[in-house]
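Number of protein chains: 6
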Amino acid sequence: MPSVSYTQFSFFNVCFPSEFVAHIEINRPEKLNAFNQYMWTQLRDIFHLISADPNVRVALLSGRGDKAFTSGLELSAELLAILNGGDRDDERARFMVRRVIQDFQFSISAIENCSKPVIGVAHGVAFGLAIDILSATDIRICTSDVRFSIKEVDIGLAADIGTLQRLPRVVNSLSWCKDVVYTARVFGAQEAHAQGFVSKVVESKQKGLEAALELAKVIATKSPVAVQGSKHLINYSRDRTIQEGLDYTATWNAFAIGKDMKDAVAATLYKRKPQYGKL
Amino acid sequence: MPSVSYTQFSFFNVCFPSEFVAHIEINRPEKLNAFNQYMWTQLRDIFHLISADPNVRVALLSGRGDKAFTSGLELSAELLAILNGGDRDDERARFMVRRVIQDFQFSISAIENCSKPVIGVAHGVAFGLAIDILSATDIRICTSDVRFSIKEVDIGLAADIGTLQRLPRVVNSLSWCKDVVYTARVFGAQEAHAQGFVSKVVESKQKGLEAALELAKVIATKSPVAVQGSKHLINYSRDRTIQEGLDYTATWNAFAIGKDMKDAVAATLYKRKPQYGKL
Amino acid sequence: MPSVSYTQFSFFNVCFPSEFVAHIEINRPEKLNAFNQYMWTQLRDIFHLISADPNVRVALLSGRGDKAFTSGLELSAELLAILNGGDRDDERARFMVRRVIQDFQFSISAIENCSKPVIGVAHGVAFGLAIDILSATDIRICTSDVRFSIKEVDIGLAADIGTLQRLPRVVNSLSWCKDVVYTARVFGAQEAHAQGFVSKVVESKQKGLEAALELAKVIATKSPVAVQGSKHLINYSRDRTIQEGLDYTATWNAFAIGKDMKDAVAATLYKRKPQYGKL
Amino acid sequence: MPSVSYTQFSFFNVCFPSEFVAHIEINRPEKLNAFNQYMWTQLRDIFHLISADPNVRVALLSGRGDKAFTSGLELSAELLAILNGGDRDDERARFMVRRVIQDFQFSISAIENCSKPVIGVAHGVAFGLAIDILSATDIRICTSDVRFSIKEVDIGLAADIGTLQRLPRVVNSLSWCKDVVYTARVFGAQEAHAQGFVSKVVESKQKGLEAALELAKVIATKSPVAVQGSKHLINYSRDRTIQEGLDYTATWNAFAIGKDMKDAVAATLYKRKPQYGKL
Amino acid sequence: MPSVSYTQFSFFNVCFPSEFVAHIEINRPEKLNAFNQYMWTQLRDIFHLISADPNVRVALLSGRGDKAFTSGLELSAELLAILNGGDRDDERARFMVRRVIQDFQFSISAIENCSKPVIGVAHGVAFGLAIDILSATDIRICTSDVRFSIKEVDIGLAADIGTLQRLPRVVNSLSWCKDVVYTARVFGAQEAHAQGFVSKVVESKQKGLEAALELAKVIATKSPVAVQGSKHLINYSRDRTIQEGLDYTATWNAFAIGKDMKDAVAATLYKRKPQYGKL
Amino acid sequence: MPSVSYTQFSFFNVCFPSEFVAHIEINRPEKLNAFNQYMWTQLRDIFHLISADPNVRVALLSGRGDKAFTSGLELSAELLAILNGGDRDDERARFMVRRVIQDFQFSISAIENCSKPVIGVAHGVAFGLAIDILSATDIRICTSDVRFSIKEVDIGLAADIGTLQRLPRVVNSLSWCKDVVYTARVFGAQEAHAQGFVSKVVESKQKGLEAALELAKVIATKSPVAVQGSKHLINYSRDRTIQEGLDYTATWNAFAIGKDMKDAVAATLYKRKPQYGKL
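Chains A, B, C, D, E and F, in that order, give the protein sequences.
So for the first sequence, this note's numbering puts the first residue at 26; every next one is plus one.
So for the second sequence, this note's numbering puts the first residue at 26; every next one is plus one.
So for the third sequence, this note's numbering puts the first residue at 26; every next one is plus one.
So for the fourth sequence, this note's numbering puts the first residue at 26; every next one is plus one.
So for the fifth sequence, this note's numbering puts the first residue at 26; every next one is plus one.
So for the sixth sequence, this note's numbering puts the first residue at 26; every next one is plus one.
Because the hints were derived from the structure by calculation, they are not lab data.
Treat the hints with care, since some could be wrong.
One copy or two, either will do: identical chains are not told apart, so a pair holds if it fits within one copy or between any two.
Capping the alpha-carbon separation at 27 Å, the derived lysine-lysine pairs in DSSO-like fashion look like this [stated by the list, open to error]: (1) K176 with K225; (2) K56 with K296; (3) K287 with K56; (4) K296 with K92; (5) K242 with K287; (6) K92 with K56; (7) K298 with K287; (8) K284 with K303; (9) K284 with K92; (10) K176 with K303; (11) K176 with K284.
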């Protein structure tokens, strides 16, 4: 069903559990789905493919295995070598560090910039970049056994690939947010739900995937022009004044309103299920 | 009591249940208070009048009848003709669509830009532009039977007159917000309250109006210089850096501090009720 | 233990209950810790000292005595004289008012701009500038008997030293926020907690200080490079687009990643407690 | 030829010297075209009409008579009464002053926000609001005898209706700009040209109108979709980051590219003069 | 000398006329260097390579042949098919148009985002995207026979890949800028120089390349940390407030100051020529 | 005449050549007015005093001696020790570097933030921070023998205390600006004038001081409310959208319009010289 091949990714499975729904699975369960250097690139490439694939309208993201969504970044010898700067002088090493961080940020931002909504399902260990990744998804569900932690402070650095930017915008209380950032303490499903980080808590990973799939199927029946426009416009407007958001939205809908609206209105009038073109 | 005439509005009632308090009622109950083309203009004109009327310090907004706050935009033949562009070529039709959206946005923004606080009371059906309107009020109350829905996705377009800009700023969880935007599903009073969309849930529309009026009476006893300044400064600062908000506020209070402060301090000292001039 | 002298402040006590932890106490209990003109300057100077003091990694802020965190600004004859403008003409008096507001803002912003996290513990009366001060701290705890009020509207002016800028960013619901701003009504611990203004409610001031100290001790064991970076980057990113926050963060960590990360990784590998240099 | 009536304006002449070209003339020569209270409203209304009139593609703006483009604001008794606040208390009077300034700003901004390019032709006396008006036009021509002055400092106030915002963006040197603002000194055509304030200097008002008309005729032959888009996009992008300007522009052209481009390409291929639809 | 291969580009020559200096030549002289669909991609790839190549410190950009820098975009059948939307419905076609514009913008921005300075040398015909490209370079030189034109209005669209964003920031007079945008008229070297679009006019293309190479050689002797930092910081600060630019710059130099400064100071003291590491 | 004492500054002379005019002279001629560590602090303190001193309405800034305005920063052993970080680990040394840069920026910004206009007179050597300082003044005059250079690239760093932010906003051509930044080449009075960096070139330092004093005297006769408002509003609006500048300006003039306007109007009517109160 997908219009491009998603089989070349050694550390991710991509399957299509329902029409217009892609399911991306982080696939390195023997290492608690920890991210090595190849996975950054694969994550980015997958979401770029999904973003442009007209056969996908919504994506799920979860971790393979019982134990973890992901335990975070794997501190490999290669990565440490880069951070140490090799034989570069100190400033040149730091130019390189900056570039590596920007590359990693670009991979995480591929989720947010993906034109289709992404639903994250978290379970088990969800540490460090798990929060960066989940904060970049649109809707989050977790299991009751999940263990979240913003781990970066415990490895001696300020989180630098998205958590500090996105988490404060998706949760309730900045007081709570700073608490979990400064202490790197583990927090669970109830706390995550009370703070609005997740919008649903389920008993098991299986239930989580079912709930996410059910939600995804609903979204997949909707006009992709409307859904993708909504994602883009919410994200655009979140960072700007109300007036700038409104101006941009009027300009956006000047090109995006049309056939889908007519189809939707006709479907309503004739009480049939609307069929929308691919996008 | 009001200093201007509010009787010329065919689809809205405006009355004055208490000193300095205006009550605006959407008045098309036979159509579930759905908005036709005249109502946009009337809504805008009323809030421009209220904004400048020194006899009003706070406004209530509700829908007439038992069934609905408003069921949203009425898809009239005229509106569809505009959206179809008439005999214009496609780009010129789209220029026209953009202008129509901007006009509608301007009507909704009249509530936010009204210098006086506006309290919304929602009951029954509150679909589509109901959310646009309510998000632009300052304080929201709803009945336990209310049924909210961000309907736009179901008519094939991204919401374009304020919901996508304002809702994420007035509720807790962006995860929840995107859920209800992408699915257009109905949600009720408890969910709206848990998310902070409304700050109070009451049993009936009558109780809602009473609660709103009580709140409005309290606000009406306060210094209008202080209250109107607070509304303006919260809205201004919401969209800018902390420092820009502080700078603007210092400049604002350089002209706004004066007689009301002296009256308030004197009233406190002499334990009398302060009387403030009209604004 | 502190590297500078904190004894010169007549209206504040500064002590060091644990390594790297400073405790600042507002010390004018006979006046409910109301702020006179000297206290503004002292508050600012203390937080500038703390910000630069390598022996401090986290600060607590509370009010002395049983009755109040602070009852707010003391309306002294001197202050009223300034607000009245002395013998200046009206515009020159207003230039002066603007300057006074900016000075007061600068004192409050010293808490937010302090490079170290600040934990506020509120009890008893916490009115007016109590909210300005607490909104500028990073993490807030309160006692069950606390009585909060955004009092400014009741003295005839819009709050102008930080509440209107910071409160909407640290709580859940803008609807609730405007309610308490416009009415100046008192609200308690449960409401503050439900809205995310405080992240913990405790029985007594003593328990509050213990909870805050426990939290502070945890933070004090962490890399100060990581913690101070996190505070700065969250505050910076809060006010800008996601992309601007990410760009700035990459540049920041290009200089801030290094020895602490190596120490933290080594400590993890050898299961020892990391020791970080002063900052 | 115009599709609406422009005859109701007592202080402005509007004529149509060529197809798609409107000429607006400030018409109060006996008072050096000084602006009274009616003229603000008329100026605004005319440019709103022009903006929406499909029979206009470009507008000229000049002053009637030999002596002046305009000598600026007429300090009438009515205006001074408003500035004095009538019987309002001081703060309420200042709220009113703020509103009056915003109304005046709105009139000037109508020129900038007019969807069609506006060419200003200045001659003789061009003082005070002459600069506000001209800075809001797109292209400026002046006669060699023109006498410009940013007069506001000489009447005891900082210019508040556009000069301080727009002039620094349309001239070369901020050093020069501050010189003429702080001193209110008169400057002539050569200085204005060297600084880029005007793009052409001509011998006489007659020559200026001819040059402007010639330029207007050229613009009137171009695609109105292209020209109006260019004006909007330059003004939008001027105030934002390069990237924001590019993003907005891509969204704009997603609806604006189409028939005019095909017509233009076809006209080029077949070496004929393109004919564009009205806009 | 270059550390990567630049030979795979069919429409561009890349050579290295001096140490650390790359020269990129648009190479389609038989078509006046008009851009076909492959050239966009190649332009982008080359500047990405240059940006990361430690053997390049500065780049020259010119057009091959006597006649043209570039005559602009070639309106191919393929491009027109995309603009016509193929068999997509109208809105889906417009989504595609938006994506194509963004791809083209990304290619042009690769010049601005290239970490090394780029010097443009324009001669002969320099129409349409020539201006987009040149506006994205850092320093511009032209020959006395150059013929510039912002051609887009003449093909029925507003320029959408950079001219409207960048040109107003690099020239003197917005009045002049709008003149040449709205009319699409040809302007020459003297006008370009008077407006600051180019900083030097030379007699012939040969002289232009010599002048550019001489300038490039000077820049290539300077610290690449200093030069690349300067480019990045000027571009960053251009779009933001002074204070934001200063804050970012302090953070940047916190990692970028070091060995090059020591080498430079030592070279000055010992009157030798400094040697800087590659970057 | 001055209301505070300016005699405590060892490296600056402050005198009062005319009523309301202060003249600040950099006073270290034996070292070409190079800045040592004390001078940063003194520069900042002087402009803070001037800003608040009601007896000063405009300030001149020049360098003592025949040879130099200033040759820039003196690279002292102390400064190099700071840049080397002392015995701190590398990241802590870099935190310190950042703080030093911010301190230096704060000193330069004191000129821009001074509420009174500052006129710079440059002669002889004007290297490095000379450009940072001059870019922060309002109006610049230079002698025909001046030698400007943006020297930072030649000491291995990107300029970090203001030139890269402010220079592009005060000159004509970004192409020229990048040329002189990247090459650190010397440029003279004619080039500075052609680019708008200075608004006047004079024969000698003596003539420059006379011209500056003459200009200062004119400004000193104007309403300080008008002049100081103009400086603040131009600087504020320069960095923001037109609309934000207009909104802020209306709020500013709501408190700043009043007695000076009445005095100015009365003076005009009665043809007398207006006398304004101190500010």
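Structure-based check of all given hints:
1. For the homomeric pair K176 and K225, the shortest alpha-carbon distances inside one copy (23 Å) and between copies (22 Å) are both at most 27 Å.
2. When the C-alpha separation of K56 and K296 is checked against a cutoff of 27 Å, the pair qualifies only between copies, where the shortest distance is 20 Å, while the shortest distance within a copy is 51 Å.
3. Only between protomers do K287 and K56 lie at most 27 Å apart by alpha-carbon distance; the minimum there is 22 Å, versus 50 Å within a single protomer.
4. For the homomeric pair K296 and K92, the shortest alpha-carbon distance between copies (23 Å) is at most 27 Å, but the shortest distance inside one copy (46 Å) is not.
5. For a Cα distance limit of 27 Å, the shortest separation of K242 from K287 inside one copy, 22 Å, qualifies, whereas the shortest one across copies, 41 Å, does not.
6. Within a single copy, K92 and K56 get their C-alpha atoms as close as 10 Å, which meets the 27 Å cut-off; across copies the closest is 55 Å, which misses it.
7. In this homomeric assembly, K298 and K287 come within 27 Å of each other (Cα to Cα) only inside a single copy, at 13 Å, whereas the closest approach across copies is 37 Å.
8. Proximity of K284 and K303 under a CA criterion of 27 Å is satisfied in both settings, with 12 Å inside one chain copy and 25 Å between copies.
9. Proximity of K284 to K92 under the C-alpha cut-off of 27 Å is found in neither arrangement, the shortest distances being 46 Å within a copy and 32 Å between copies.
10. For a Cα distance limit of 27 Å, the shortest separation of K176 from K303 across copies, 21 Å, qualifies, whereas the shortest one inside one copy, 40 Å, does not.
11. For the homomeric pair K176 and K284, the shortest alpha-carbon distance between copies (17 Å) is at most 27 Å, but the shortest distance inside one copy (47 Å) is not.
Going through the hint list in order, the structure does not satisfy hint 9, though it satisfies all others.
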